[in-house]
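Each protein sequence line maps, in turn, to chains A and B.
Under my numbering, the first residue of the first sequence carries the number 1, and numbering increases by one thereafter.
Under my numbering, the first residue of the second sequence carries the number 706, and numbering increases by one thereafter.
One thing to keep in mind: the hints can contain errors.
Under the rule of at most 27 Å between Cα atoms (straight-line distance), these lysine-lysine pairs were calculated in the DSSO-like manner [stated by the list, open to error]:
#: 1; chain 1: A; residue 1: LYS607; chain 2: A; residue 2: LYS659
#: 2; chain 1: A; residue 1: LYS197; chain 2: A; residue 2: LYS181
#: 3; chain 1: A; residue 1: LYS181; chain 2: B; residue 2: LYS728
#: 4; chain 1: A; residue 1: LYS192; chain 2: B; residue 2: LYS804
#: 5; chain 1: A; residue 1: LYS251; chain 2: B; residue 2: LYS728
#: 6; chain 1: B; residue 1: LYS804; chain 2: A; residue 2: LYS251
Derived by calculation from the structure, the hints in this document are not laboratory data.
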Amino acid sequence: MFIERIDIHPTHTRDKFKLRCGKPFPFGATLIPGGVNFSIFSRHATSCTLVLFDKNSPEPMAEILFPKEFRIGNVYCMVVFGLDYENIEYGHRMDGPNNFKQGHWFDNSKILLDPYAKIISGRDIWGVQPDWDNIYQYRGKIAFEDFDWEDDCHLDIPSEDLIIYEMHVRSFTKHPSSNVKHPGTFAAIREKIPYLKELGINAVELMPIFEFDEFENSRLNPQTGEMLLNYWGYSTVGFFAPKAGYAATGKLGMQADELKSLVKALHQNGIEVILDVVFNHTAEGNEQGNYISFRGIDNQTYYMLTPEGYYYNFSGCGNTLNCNNPIVRGMVLDCLRYWVSEYHIDGFRFDLASILGRDPWGKPLINPPLLETLAFDPILAKCKLIAEAWDAGGLYQVGSFPDYGRWAEWNGKYRDSIRNFIKGDGNINDMALRLQGSPDLYAETCRTPSASINFITAHDGFTLADLVSYNHKHNEANGENNNDGENSNDSWNCGVEGWTENQSINDLRQRQIRNALAILMISQGIPMLLMGDEIGRSKQGNNNTYCHDNELNWLDWTLLEKNVDLFKFVKNCIAFRKSHPILRQSHFLNQDNSGSTHPDITWHGTKAWNPDFSDHNRTTAFMLCGRQIGRNKKKDDYIYVAMNMHWEAHNFEIPKLHKSIQWHIFANTGVKSPEDSWEPGNEPLLDNQQEVLVGSRSVIILVGK
Amino acid sequence: MEFNAILETAENTAKIILSGELKASTAPTFKTEVEKAAATNPQRLVLVMKDLSYMASAGLRVLIFAKQKMGANVDIYIIAPQEMVMDTIKKTGFHHSVKIMDEYDNDKVEA
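For reference, chain A alone in the conformation it holds in the complex (with noise of 0.2 Å):
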């Protein structure tokens, strides 16, 4: 017999609205049989309010007190029947202290986004200016989360494997090169998966795709007028929600089922998703910022305060979110698991992570909760967990950041001293420990060299084209008078700074950007690109592009066929580090795996086995032998890589090798296409097989086979 649930008739009933007690799990706004469940926290508020507006009204079309009876704990929760869910907004109006000093910003004038929305308009379509009279600018809706997945799950890649591409969703496709009928949207990109799969990426790390407002902070250029922007959009609205803005769908609704389109179609093409998520701060602002959500619901529970009530700052963008509060450490668990569970996310960066140990009141945690709770949690157990080890108040966490054997770290040291090295100033030791994946800063604490995430350049900072190019930041446009952004870039501009005609110039510039590459896939760890850096991307100078919409940002499409020489050098490196498991080892060289007695790693100088690593060397090799190859994987080649960044060419010898066992030659940066680089398994046999000329700032890469 079948006996219908009575928990789904209305109690109460509120001028025409149907109501009765909710769930206070899960929070948020979820679609139940007949009704909408509407579920929030506040410790301190005395009193919470349910307004309903209906789609894009400037008023409410109701508002309902939550009786008190509906009530539990510090959760207020309702359900309301009836509702034409697809076509109202909702939020909340809080009661309670206002006290500054106590931390306590109650104002029940203000309507508050829920923080567990799961969609939000307001900033449906790009670009369009807000009205900001509107009383209520970011808007609650609800999500049906009833999305078509079929058989995709996530792809598990190990994390060794991983060749990850740092990107833009805008920027991606916002040019008019790209070709695209949706430009800068997830649409779009899902048009350029041919590309990506052709480079030979196997993961995507999204610039924050959560909603964000990018008219936050929004001004006019004063010397050109123009608008600028918070376009990268590293400042969160609402934690659960995609970005309107950034699917072509935005204006109907559909921004959730379009975004899930994007990882399911990037999953049939063997590439995973990252998202570069901000849970440092929040788009509130310092102390006169505006009210949006958490400020209004609870704002002592939600935020830093100092004894006096300010916001503390380890952030830089006015606030810090109180990762290590327990309740907010319940709301970043519950965000990454849906993230995880309903997007299919396979792995997380997290900007300025470091804030993510701290305690309430700053103070760096040894064993900070947040950070052992995602590394234990199940629904995130395969993902990947990346910090980007510092924050904006001085803590500088890269190779200490508690991992939990679980955390990847973005490595800042791998950047600098490559970047030194290849402009001539490094130092040969340092360089050795980054193209072994770091195991000074990883080894000790049993960590692997997965835990190291190498980069040359990403978002912040140089692009590698403007890395070879400049000496200095250019940071005119952003209208802050060149004082923003970093001012330490060991970037080098090979004689003149900016563009030049000069041929000799230019390639030595062509050399610098295909050594650096190479170097990036040769080295263990995992490697991630820039967008653009595959075909030569510049931003004029300009290392701190965060705020314009426009060609400094947007990827020009036309220098894949200007540069299409490079695309193919960058698209030989990836092949050939797939090709090779020796370059992506789930251990730290140094070690005899396979009882062979032959070592893993061996260092040549331009006299093969013997190194030179005194200060001022600007050459150094290295041997990988691929018999070392354990653990389920098969035996492969031997590598061997010479470096000469100094000004003049020299001579290496080459290691020996057994007689059946000769050396090809898969790249030589000194060389110009097509012959700096091979595909991989056609690589030419080396003539020489004693010794090879690596000529000036050159890199060669060779197969012994």
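The hints should help you fit chain B onto chain A, whose structure is shown.
Coordinates of chain B only, in the frame set by chain A:
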């Protein structure tokens, strides 16, 4: 324009002719017709959208429901969608799950 969903069944094919605006308030009507169609165990579900002028998120959801309700062995054909409807289907990736045609010819499909 008033929404209408008319179900016609013949042999192995269930055809639903849609017109008007498919949104939250009208989606249940469409859903009911999909359920009736599924009950006939067709091999094909043909959705004629020539006169469907608008499709909101709720409409898309019924399409997804239709696909799940019919099962993997039933092909879904979308016939002559207008540009706005087609655009919505494509941007959200649903076009990978269905067959889109300008017109439906049962004989050609069976061949």
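**Prompt:** Holds or violated: LYS197 of chain A with LYS181 of chain A, Cα cutoff 27 Å?
**Reply:** The given pair, whose Cα atoms are some 20 Å apart, holds under the 27 Å limit.
**Prompt:** Given the hinted pair LYS181 of chain A and LYS728 of chain B, is their alpha-carbon gap at most 27 Å?
**Reply:** Cα-Cα ~25 Å, so holds.
**Message:** LYS192 of chain A and LYS804 of chain B were given as a pair; does the straight-line alpha-carbon distance stay at or below 27 Å?
**Reply:** 22 Å, holds
**Hinted pair LYS607 of chain A and LYS659 of chain A, Cα distance within 27 Å** = The given pair, whose Cα atoms are some 20 Å apart, holds under the 27 Å limit.
**Item:** Pairwise hint evaluation, LYS251 of chain A against LYS804 of chain B, where the allowed Cα distance is 27 Å at most
**Value:** Roughly 26 Å between the alpha carbons, so the hint for LYS804 of chain B and LYS251 of chain A holds.
**Asked** Within 27 Å, alpha carbon to alpha carbon, are LYS251 of chain A and LYS728 of chain B?
**Response** 14 Å, holds
In the structure shown, no violation is registered for any of the earlier numbered hints.
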